[in-house]
Amino acid sequence: SQQGEEDPQALSIQEGENATMNCSYKTSINNLQWYRQNSGRGLVHLILIRSNEREKHSGRLRVTLDTSKKSSSLLITASRAADTASYFCATGGSNDYKLSFGAGTTVTVRA
Amino acid sequence: DAGVIQSPRHEVTEMGQEVTLRCKPISGHNSLFWYRQTMMRGLELLIYFNNNVPIDDSGMPEDRFSAKMPNASFSTLKIQPSEPRDSAVYFCASSFGGRNEQFFGPGTRLTVL
Chain A
1 SQQGEEDPQA
11 LSIQEGENAT
21 MNCSYKTSIN
31 NLQWYRQNSG
41 RGLVHLILIR
51 SNEREKHSGR
61 LRVTLDTSKK
71 SSSLLITASR
81 AADTASYFCA
91 TGGSNDYKLS
101 FGAGTTVTVR
111 A
Chain B
1 DAGVIQSPRH
11 EVTEMGQEVT
21 LRCKPISGHN
31 SLFWYRQTMM
41 RGLELLIYFN
51 NNVPIDDSGM
61 PEDRFSAKMP
71 NASFSTLKIQ
81 PSEPRDSAVY
91 FCASSFGGRN
101 EQFFGPGTRL
111 TVL
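Residue numbers (my numbering), protein chains in the order written: chain A, 1 to 111; chain B, 1 to 113.
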C-alpha cells in the first residue's frame with residue numbers, strides 16, 4: 001500500500017528555478033526518505049530524514065519533516081536539466097525495513 | 001563498486017512460460033528487497049530478505065511467484081506460470097540493515113504476451 005502521497009503529481013519549471021514537492025503520510029514513521037528515478041532507470045536514494053529531525057540538507061537539496069502534520073517537503077534549488085526525473089518519498093515505520101513509496105512527482109526542467 | 005546487478009534487463013515471454021529474474025546485491029549488504037513497479041499500482045514491495053532469510057513475503061501476489069536467496073550474493077524471483085498482468089518492471093534493492101537507504105538495481109522490464 002502507498003502511504004506517502006506526493007503533491008503535485010507533475011511540475012514543470014525553468015532551469016535555474018527552485019522546485020518544491022510535498023509528501024504526506026498517514027501513520028507514524030521512523031524515517032522518511034526521498035528517491036529520484038530517471039526515465040527507464042532504478043531509484044536513487046537522495047536523502048533520509050529521521051523522525052526526530054526537522055530539516056536536512058544535501059547539496060542543492062533541502063528536506064523538511066513535520067511529524068505533527070505528517071508531511072515532508074523536498075526543495076531542489078537552482079534546478080538543472082539533469083534534475084528532470086520522478087521523485088518519490090518513502091516512509092519507514094516501526095517494521096524497520098518496510099518502505100512505503102508514494103506515487104511520485106514528475107519534475108521537468110526546461111532549458 | 002558495481003552496485004546492484006540485475007539480469008536480464010529486458011524479458012519478453014509468452015503467457016504460461018516460466019520467468020526467472022536474477023539479482024546480485026551490493027557486497028556486504030545484508031538486506032535484499034524485490035519490488036514491482038507498474039503505472040497502476042506504483043512501487044510495491046514483493047519480498048524482503050534479511051541475512052538470506054525471507055522475513056516478509058506478504059507482498060508476493062500469489063503462489064505463482066517465488067523468491068530464493070541461496071547465499072548473500074544472489075537472489076532469484078521466479079514466476080511460473082507467467083500471465084500478461086505480470087508485465088511490469090521488477091527491481092531488486094539491497095541495504096545494510098533494514099532501516100537504511102536502499103540501493104536499487106536498474107530493473108528488469110518484463111513483458112508477458
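Certain hints may be false.
[What the hints assert, rightly or not] Straight-line alpha carbon distances no greater than 27 Å define the calculated BS3-like cross-link-like pairs of lysine-lysine that follow:
{"no.": "1", "chain 1": "B", "residue 1": "24", "chain 2": "B", "residue 2": "68"}
{"no.": "2", "chain 1": "B", "residue 1": "24", "chain 2": "A", "residue 2": "98"}
{"no.": "3", "chain 1": "A", "residue 1": "26", "chain 2": "A", "residue 2": "98"}
{"no.": "4", "chain 1": "A", "residue 1": "69", "chain 2": "A", "residue 2": "56"}
{"no.": "5", "chain 1": "B", "residue 1": "78", "chain 2": "A", "residue 2": "98"}
{"no.": "6", "chain 1": "A", "residue 1": "98", "chain 2": "A", "residue 2": "70"}
{"no.": "7", "chain 1": "B", "residue 1": "78", "chain 2": "B", "residue 2": "68"}
{"no.": "8", "chain 1": "A", "residue 1": "98", "chain 2": "B", "residue 2": "68"}
{"no.": "9", "chain 1": "A", "residue 1": "56", "chain 2": "A", "residue 2": "26"}
Calculated directly from the structure, the hints in this document are not laboratory data.
Evaluated hints:
no. : hint         : in the structure
1   : 24/B to 68/B : holds, 12 Å
2   : 24/B to 98/A : holds, 20 Å
3   : 26/A to 98/A : holds, 15 Å
4   : 69/A to 56/A : holds, 17 Å
5   : 78/B to 98/A : holds, 21 Å
6   : 98/A to 70/A : holds, 18 Å
7   : 78/B to 68/B : holds, 9 Å
8   : 98/A to 68/B : holds, 19 Å
9   : 56/A to 26/A : holds, 21 Å
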